[in-house]
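*Asks:* Fit chains B and C to the given chain A structure using the hints.
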Amino acid sequence: MEVSVNIGEKSMEKKKKIDWKEIRHQRVLLIWSLIFVVYGVIFCYLPLFGWLMAFQNYKPARGIFASEFVGLKKFQTLFTDETFIRVIRNTLAMGVINLVVTFVMAILFAILLNEVRLKYSKKVIQTISYLPHFLSWIIVCGILHDILNGTGIVNEILMNLHILKQPIDFFAHPGYFWPIVAFANVWKETGWNAIIYLAAITSIDPSLYEAASIDGAGRLSKIRYITLPGIKSTIMILLLMNVGNVLNAGFEIQYLLGNGLIQRVSQTIDIYVLRWGVSQNDYALGTAAGIFKSAVSIVLIVVANSLAKRHGEERLY
Amino acid sequence: MKKKRLISMLLAGVMLGSMLTGCGSKNGGNSSKDSKDGVKEFTAFFAVPGSELNDDNEVQQIIAEKTGVKVKETWLTGQTASEAVGTIIAGGEYPDFIDGGDGMKSLYDAGALVALDDYIDKYPNIKEFFTQQQWDALRQDDGHIYWIPQFSNIYGEEKVCVHNDEAFWIQTRVLKWAKYPKITTMDEYFKLIEDYAKANPTMDDGTKVIPYTILCDDWRYFCLENAPQFLDGYPNDGSCIVDPTSKKIIDYNTTDTAVAYFRKLNEEYQKGIVDPESFTQTYDEYISKLSTGRVLGMIDQWWDFANTAGDALKTAGLDKKGCNYVPLPITIDGRKNQWHNSGSVLNTSTGLAITVDCDDVEGALKFVDDLLSQDIHNLRFWGVEGTDYNVDKDGMFMRTDEMRKRNADTAYKASHSCSYSYFPQYSGTSRDGKNAMKSDGQASEFFDGLSADVKECFEAYGAKTYVDMIGTSEAPGDWYPMWSYSNSLKTDTEGGVAWTKMGECKHEYLPKVVMAKDFDKGWAEYMKAYKACKPEDFINQMQKELDRRLKEAAKYKK
Amino acid sequence: MKLKKYSTEDVLFSAFIAIFMIVFLILTLYPILNTLAISFNDGTDALKGGIYLLPRKFTLKNYDTVLHKDNLITGAGITVARTIIGTLLALVTNAILAFIVSRKNFIFRRQLSLFWVITMYVNGGLIPTFVLFKNLNLTGTFWVYVIPGMVSAFNMLVIRTYMNGIPDSLEESAQLDGAGYTTIFVKIISPLCKPVYATVALFVAVGQWNSWFDAMLYNRMKGELTTLQYELMKLLSSVTNQGQSVEAMKNATGTVTPTSVRAAATMVTILPIICIYPFLQRYFVTGLTLGGVKE
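Protein chains in written order, with our numbering: chain A, 1 to 317; chain B, 318 to 875; chain C, 876 to 1170.
Isolated chain A (complex conformation):
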């Protein structure tokens, strides 16, 4: 049996010739576009004059247009500091791990929740699932510390099962840190991230499932041939967007869970900026790091987008 679905797929883009008639026809769209461009320029692009700060010895007293220019000095400082290279590594690693794990979990959760037959349970589960999103990191990290420290419940269980002889202090070993951060992210955000996929699943035409059932398809094959392709475009878009965000692996969680012993793996770019920029009144350094992050993000996005284009997948632009 063959269930072919192409909900997300578009027909080939029609290349219409751009002439006055077409412009007249699209005038509503054009006018609105203009409004949005003006808005975007003002609120998103205008503040970028702040990037000048990265090339200055910025002093709040003088402001952005009167501070002394120092050229690429701040970038030099950044890239000759081995600590900065290390925090890039940490940020990238945690960014990628978090991206993969939270992504897979959210999709898995959304699909499985969709398979729950009892409507009432489904509602209750979903309501509960996204609640951790509202807990602040400081609360979540507090709980994590409680359950993972030497006398915490995890050690207790592992000892009782005789998997461990001595309790492990999970926060004293660099090797555990990245997985802990990934787990915390999954714990807090899976239900929340699943909301988009649940919405996407609703757009799938129920008659497809009916047809498949008649053909005798099992639930697994329905997921594989109907649900997954149905939300593929949503998955692709979110994936593309998040690829650009891998350098934003976070600040609070690493700050709250880190300690001196493991600072080599726990410090992220944002923490570095806090230590060496913000708390030192060095705005330039923070801005330089920000520009670096933006540049990397945009490169990643462009690469990812052209890959998506080549494979005929949903694209960002």
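Quick caveat, the hints were computed from the structure, so don't treat them as lab data.
This structure is a prediction, so every number in the text was calculated from the model and none was measured.
Among the hints, erroneous ones may be present.
Said to hold, decoys possible - Some chain A residues near chain C, calculated using beta-carbon distances under 7 angstroms:
#1 C44
#2 L131
#3 T234
#4 I235
#5 I237
#6 L239
To be verified - Derived CB-CB ranges, DEER-like:
#7 B:R456 <-> C:L989: 31 to 39 angstroms
#8 B:A725 <-> A:F65: 45 to 53 angstroms
#9 A:P179 <-> B:T519: 29 to 37 angstroms
#10 A:H311 <-> B:K525: 34 to 42 angstroms
#11 C:L1155 <-> A:L220: 43 to 51 angstroms
#12 C:D1052 <-> A:H311: 32 to 40 angstroms
#13 B:N707 <-> C:K932: 25 to 33 angstroms
#14 A:E82 <-> B:T571: 21 to 29 angstroms
#15 A:T151 <-> C:I894: 28 to 36 angstroms
#16 B:A516 <-> A:L164: 25 to 33 angstroms
#17 A:T151 <-> B:A725: 40 to 48 angstroms
#18 C:L989 <-> A:K165: 54 to 62 angstroms
#19 C:K932 <-> B:P561: 34 to 42 angstroms
We put the CB at the ideal spot given by N, CA and C, even for glycine.
*Replies:* Positioned in the frame of chain A, the structure of chains B and C alone reads:
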């Protein structure tokens, strides 16, 4: 039907919104304004976290009636001081009063502050607040005074019962068990803790005692890091030792005492005396450990643990079992210690300032002057007579249990008390010559609040206060304290870069050194990493500052 | 439709789902229940730790402290207003923008998308943004809460993806009937987009409901424009001391135990969201059927 209701709700929301903007768009950026009852209102921003007062705060109202001024205070939330100050400068709108914390210098550079030197002579209470030498020390490089440090100013005889700073602390039950021995060296201290832990390995409820723990969370790692300076008998210069005879800066991180101290910690760690969770615990976890009474001893500063953990011990009834902490006069070999220093400490790096947006500088300063007058000062730090304290026939202030309890309640404080806590203030003796300027310095208040175990311990050592337990010494010299300089070091100088790097290095290696299987190897690795931070840059810069301070001070010697 | 006979695969699969959901629920519920328990526990007692699912020393004092914060009512009013207005504005604008860039033959389709995609990854920083808003006279007004973040590329892309999934035939047949873009947007596309509109509305509303940084940054001195979350943050930062220096701590005023008050404040924040969610949820749980419109 439903739709209609929804739409009307939305409309109501929009109207509410536009109403609010209506109010909001009034131009009221800053400046004082006269409210209806003739009370002038000033605004203030303090770049530290603090508790906001309720609008109808009672004491604030009383002060407003007496002085004709009310100040609306706002505090730092979720930002660092320099970030907050940075945005305020960028926006160019200032509150009337400001304390920028770390960002004070930026405010001065931005020309946001009013020079106060021409005004000071007109206000006797302000004038009296500092000596001429101290006022001169506050002058910036343009020769003017812009801010008034608010704290650590002692009026008359010092009245201090609590040792607010750093020390080796120990539970009273340990001392009692050993029949209150004389403990003055680091080795004796750890020996005592070891012996006690061996004899009493568990609490009454069966949980294990934690003989010694080290708080190492973020900036609080001073509990691990800076003991060598005290162990060598020097006071808290914060970031270095100043040799009082040769007037040279000494790096306490590399002294023999430092090696001995960390070697000792390493030994104790291997023996299981040092809490294995020391270096991963958070501040909350640390406080929770102290609150269970399981921790026998640690290094810390009083303010960092005593209020929170002390209350918890009391509510759990653990004070009756001797779980309160007292300080011990410990040095490396029993030499005279300087854990406690008496006298005022002038921190010139920050203070209360008035901004150029204040349209009534004289009125603002008059208010500061009034706040320092005795009856207003009493209102700020004692409260309302009859409500917050009583006066006995000798004129002594005292609180009943109920008053004490009420004054510890957050909600009561927000609606009733108003200490204008970041305005200039005194500690020490009141102008009446009897009472303390602040309730926490009042000896009778202090004794009534003491737990029985601490009282007994004090008696055994012939001490009356925490300070008596470790003795006190005068400020060592005109340079003191050097931390007022190192705290404001930034990475724009070589010394500042070294200082920040040293901090990161110590954060990582000191725990490793303590946990190392082979101490000498661990120490050698640490020293290698430490040397790479170029500590000499930092030391040289500190030396320069020391020389400068001595030269300044010499001007007043003749 | 319902299958009468269950295959082994189906049974196994159902069991797997059941186990997965139970484990998931336990893991997810724990932090919530733990926070709830702490919020009802005496603050000093909570310091000792060891509270799991039930409070040890019951008290309402934490809630009392939170609910007695001055200006809480004003703040709640502003928060409700910004949540409603902000969500409406964001929904309408993002939907229009998404509609434009999902029109297959729109001339600047790619350019406009790219223009917005870039905004997700660049950021001028705190101070330049502040200076800009000040020059636009947005600081010190209510509008600073709803105007600057109104259009977001993320939300726009989420809606666009959904709209892309709607068959082109609908638009084409409407155009044949002489409908303009406005009619197509309002009458044809939007009704089909309810689930994704609900999603985006939820995202924006939650963001608006939780935000406080803008209130602090732009309206610090404006008591009448404070928000609920900002008041709670002020309360929390007065009882915590995270990230402060020795000097600041020594002179800090009033240090109480932060954990319990924070827990209570969190619960106060979550409650309204729990109450509103079921109304949105029907869009996620039972999907609208495209099938009806499409043949």
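*Asks:* Next step is simple, just say for each hint if it's right about the structure.
*Replies:* So, going through the hints one by one against the coordinates:
1. Annotation: A:C44 was flagged as interfacial toward chain C, and the flag holds, the nearest CB pair being 4 angstroms apart, inside 7 angstroms.
2. Interface hint at A:L131: satisfied, since its Cβ lies 5 angstroms from the closest Cβ of chain C, which is below the 7 angstroms cut-off.
3. The criterion of a C-beta within 7 angstroms of any C-beta in chain C is met by A:T234, whose closest approach is roughly 5 angstroms, and the hint holds.
4. Hint on A:I235 is violated. Least Cβ distance to chain C is approximately 9 angstroms, over the 7 angstroms limit.
5. For the restraint placing A:I237 at the interface with chain C, the shortest Cβ-Cβ distance is roughly 5 angstroms, inside the 7 angstroms limit, so the hint holds.
6. Evaluation of the A:L239 hint against chain C yields a violated restraint, the C-beta minimum of about 11 angstroms exceeding 7 angstroms.
7. The hinted window of 31 to 39 angstroms between B:R456 and C:L989 is violated, with their beta carbons roughly 56 angstroms apart.
8. With their beta carbons about 51 angstroms apart, B:A725 and A:F65 fall inside the hinted range of 45 to 53 angstroms.
9. Checked against the hint of 29 to 37 angstroms, the pair A:P179 and B:T519 passes, with Cβ atoms roughly 34 angstroms apart.
10. As the Cβ distance of A:H311 to B:K525 is approximately 60 angstroms, the hint placing it in 34 to 42 angstroms is violated.
11. The hinted range of 43 to 51 angstroms is not satisfied by C:L1155 and A:L220, whose Cβ atoms lie roughly 30 angstroms apart.
12. Distance hint for C:D1052 and A:H311: a CB-CB separation of about 36 angstroms, consistent with the stated range 32 to 40 angstroms.
13. Look at B:N707 against C:K932: about 32 angstroms separates their beta carbons, and that is inside 25 to 33 angstroms.
14. Take A:E82 and B:T571: their Cβ atoms lie about 23 angstroms apart, and the range 21 to 29 angstroms holds.
15. Checked against the given bound of 28 to 36 angstroms, the beta carbons of A:T151 and C:I894, roughly 29 angstroms apart, stay inside it.
16. Evaluation of the 25 to 33 angstroms hint for B:A516 and A:L164 yields a pass: the beta carbon distance comes to about 30 angstroms.
17. For the pair A:T151 and B:A725, the supplied restraint of 40 to 48 angstroms is violated, since their beta-carbon distance comes to about 31 angstroms.
18. Take C:L989 and A:K165: their Cβ atoms lie about 58 angstroms apart, and the range 54 to 62 angstroms holds.
19. About 52 angstroms separates the C-beta atoms of C:K932 and B:P561, a value inconsistent with the hinted range of 34 to 42 angstroms.
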